[in-house]
Amino acid sequence: MLSKLTIAKRLMLLVIVPQLTIILILLGNHVSSVEKDRLFTTLYQEHLAILSDVLSVQRMLEQEGMAILNQYRTGWKSYQMPKVKWKHYLSVLRHIGWCLSR
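Numbering-wise (the numbering used here), the sequence shown opens with residue 5 and increments by one.
Wrong hints could be hidden among the right ones.
As the list claims (entries may be wrong) - Have a look at the derived ranges for each label pair, beta carbon to beta carbon:
#1 L65 <-> I26: 49 to 57 Å
#2 S56 <-> L15: 53 to 61 Å
#3 S60 <-> K91: 18 to 26 Å
#4 Q49 <-> K8: 55 to 63 Å
#5 I11 <-> Q49: 51 to 59 Å
#6 L17 <-> S56: 50 to 58 Å
Hints were generated in silico from the structure; no laboratory data involved. Don't be surprised by glycine CBs; every beta carbon is placed ideally from N, CA and C.
Put together the whole structure using the sequences plus the hints.
Rendered as structure tokens:
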């Protein structure tokens, strides 16, 4: 098939066709990566940003709770004070869970 073409046309065909194929593949990959970036941004904004808020509240309560326990262990607080604060924190967590479930 290529024997009927001139050398210039053969070279042009053998150089341009592979280059166009590579360009089309790269273009397809670029479009795919842009779509994945858009989907990840949507996922982050709708789900993971909320999760980071929940985790920050969880970390704050964990630190506060450990501080209360350490004060109780070292004798700085009586038995009732940590118990009252823990009940308060549990009610706050239930309220947060109720707000997030709506």
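A quick look at each hint next to the structure:
{"no.": "1", "hint": "L65 <-> I26: 49 to 57 Å", "in the structure": "55 Å, holds"}
{"no.": "2", "hint": "S56 <-> L15: 53 to 61 Å", "in the structure": "58 Å, holds"}
{"no.": "3", "hint": "S60 <-> K91: 18 to 26 Å", "in the structure": "22 Å, holds"}
{"no.": "4", "hint": "Q49 <-> K8: 55 to 63 Å", "in the structure": "59 Å, holds"}
{"no.": "5", "hint": "I11 <-> Q49: 51 to 59 Å", "in the structure": "58 Å, holds"}
{"no.": "6", "hint": "L17 <-> S56: 50 to 58 Å", "in the structure": "55 Å, holds"}
Violation of the numbered hints given earlier is absent; every hint is satisfied by the structure.
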